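Please build the complex by placing chain Z on the supplied structure of chain Y, with the hints as guidance.
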Amino acid sequence: DAGITQSPRHKVTETGTPVTLRCHQTENHRYMYWYRQDPGHGLRLIHYSYGVKDTDKGEVSDGYSVSRSKTEDFLLTLESATSSQTSVYFCAISDSFLVADGSYEQYFGPGTRLTVT
Amino acid sequence: AQSVTQLDSQVPVFEEAPVELRCNYSSSVSVYLFWYVQYPNQGLQLLLKYLSGSTLVKGINGFEAEFNKSQTSFHLRKPSVHISDTAEYFCAVIPIFGNEKLTFGTGTRLTIIP
Chain Y
-4 DAGITQSPRH
6 KVTETGTPVT
16 LRCHQTENHR
26 YMYWYRQDPG
36 HGLRLIHYSY
46 GVKDTDKGEV
56 SDGYSVSRSK
66 TEDFLLTLES
76 ATSSQTSVYF
86 CAISDSFLVA
96 DGSYEQYFGP
106 GTRLTVT
Chain Z
145 AQSVTQLDSQ
155 VPVFEEAPVE
165 LRCNYSSSVS
175 VYLFWYVQYP
185 NQGLQLLLKY
195 LSGSTLVKGI
205 NGFEAEFNKS
215 QTSFHLRKPS
225 VHISDTAEYF
235 CAVIPIFGNE
245 KLTFGTGTRL
255 TIIP
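Line order of the protein sequences matches chains Y and Z. Position 25 (the first sequence) corresponds to 20 in the working numbering; numbering is contiguous. Add 144 to the 1-based position in the second sequence for the working numbering, that's all there is to it.
Bound-form chain Y, shown alone (with noise of 0.2 Å):
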């Protein structure tokens, strides 16, 4: 299994309050993603990151920010959660972004579930 783990593992939260999930890898991947899952829409890619302090938006990026300082770490920040933010968040990591070069895959972790009420 690739080193990915998500923290915290669940979570709940008052409507309003911040709330940061952390990403951690230690393969030293360049490309990192952050992806919510709910019932009828799959995955949706919310941020995604392909270095140290550069990251870019997603399909889903409103009421969501992102950071990364270090290339193990990638945090996603709720700065005022809301109930329509409860769902499962994954992380997930790519060594290649081009995906021509044939051996593009994603590797994703276990999910942090975050229910806010």
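Simulated from the structure, these hints should not be mistaken for lab results. If you're wondering where the values come from, they're calculated on a predicted model, not measured in any experiment. Incorrect hints may have been included.
[Claimed, not checked] Calculated pairs, SDA-like style, for lysine to any residue (alpha carbon to alpha carbon, straight line, at most 25 Å): (1) Y:52 / Z:146; (2) Y:52 / Z:213; (3) Z:222 / Y:37; (4) Z:193 / Y:78; (5) Z:193 / Y:6; (6) Y:65 / Y:79; (7) Z:193 / Y:99; (8) Z:202 / Y:63; (9) Y:6 / Z:185; (10) Z:193 / Y:63; (11) Z:193 / Z:174; (12) Y:52 / Z:169; (13) Y:6 / Z:162; (14) Y:52 / Z:222; (15) Z:213 / Z:173; (16) Z:202 / Y:99; (17) Z:193 / Y:105.
[As the list claims (entries may be wrong)] Taking CB as the label site, the calculated pair distances span: (18) Z:228 / Y:4: 35 to 43 Å; (19) Z:199 / Y:3: 26 to 34 Å; (20) Y:74 / Z:215: 38 to 46 Å; (21) Y:77 / Z:258: 17 to 25 Å; (22) Z:159 / Y:66: 43 to 51 Å; (23) Z:200 / Y:58: 24 to 32 Å.
We put the CB at the ideal spot given by N, CA and C, even for glycine.
Then chain Z, alone, in the frame of chain Y:
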């Protein structure tokens, strides 16, 4: 942009019976295709991928998939399922060239009936 359709949200199958999970995609450019499996309360694990070459791809746990470019499909099959195959299966695509991201289908929950 790409899209992935998994028409079957749930598929119940008797143990030792064959199964096919359907995946169709839409893309104006050439893509690579993936199947991921998610066991209960776990992250996603790569089952198999099609990058090039033979259109029949074999993966882990006895699964295989066939890429059909004319029908834009990448259906997943297993000749005989086991209880341990109970999981959710996701099809995903990514353009070969460029820096776009993986696009996932909505998933198919496979339930094995003893």
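query = Which hints, by number, does the structure contradict?
reply = Checked against the structure, the hints that fail are numbers 2, 4, 5, 6, 8, 10, 13, 14, 18, 19, 21, 23, while the rest are satisfied.
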